[in-house]
Amino acid sequence: MSKDIATRVTTGVQALALPGQREGWQAQHRGSLLTDAQTYDALADAIQADLKARRLDGDLPWGLSAAARARKRVKPLRDAAKAMRQAAKAINGTVAAYEETQPDVVLRRREDKALRKAQRKQQLGTAAHNSAQATLQRLAPGDGDDAPAGAPKLLGDFFGGPDRQRRGA
234 MSKDIATRVT
244 TGVQALALPG
254 QREGWQAQHR
264 GSLLTDAQTY
274 DALADAIQAD
284 LKARRLDGDL
294 PWGLSAAARA
304 RKRVKPLRDA
314 AKAMRQAAKA
324 INGTVAAYEE
334 TQPDVVLRRR
344 EDKALRKAQR
354 KQQLGTAAHN
364 SAQATLQRLA
374 PGDGDDAPAG
384 APKLLGDFFG
394 GPDRQRRGA
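At position 151 of the sequence shown the residue is numbered 384 (our numbering), and the sequence of numbers has no breaks.
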């Protein structure tokens with residue numbers, strides 16, 4: 234039995250690795266799980282109907298005790314059917330995870346992310362440069378009486394002329 238399980242797991246992993254077989258594997262396993270869930274629900278319905286029909290001495294009138302007893306006995310089957318439906322949903326998540334972790338998809342996503350980051354960085358640098366230039370133009374005084382205020386100047390012009398002795402490096 235364990236060899237059978239190992240074989241099934243190996244073939245399942247191989248099917249997930251190949252894009253053409255992935256959808257078939259998904260449909261097959263999801264379908265079998267949903268069929269099992271329907272079978273458990275049908276079995277629970279049949280057992281519940283049979284147990285509701287069985288009246289015992291001391292039951293409450295109108296079959297309330299029998300109905301409660303029947304619901305209590307089929308709850309594990311209902312839980313199993315619910316688990317099968319949840320497992321069928323998990324199959325979709327497994328296939329999606331396999332598709333999202335394909336090397337070419339991961340590489341393309343990383344390249345797109347790096348490109349967007351570089352574009353944002355370039356836009357931020359351009360905006361900061363333009364803002365600094367506009368501020369310098371606005372604050373720069375004119376060189377003489379005939380030069381208008383706001384003429385572009387270098388930042389070094391604010392800290393003395395070329396003959397000024399500089400300290401430090």
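Treat the hints loosely; a few may be bogus.
Unchecked claim - In silico DSSO-like cross-links for lysine-lysine, where the CA-CA straight-line distance does not exceed 30 Å: (1) K308 - K322; (2) K322 - K350; (3) K285 - K315; (4) K346 - K315; (5) K305 - K285.
In case anyone wonders, no lab produced these hints; they're calculated from the structure.
Verification of the hints:
1. K308 - K322: holds (21 Å)
2. K322 - K350: violated (35 Å)
3. K285 - K315: holds (22 Å)
4. K346 - K315: violated (40 Å)
5. K305 - K285: holds (11 Å)
Going down the numbered hints, you'll see the structure goes against 2, 4, while the others check out.
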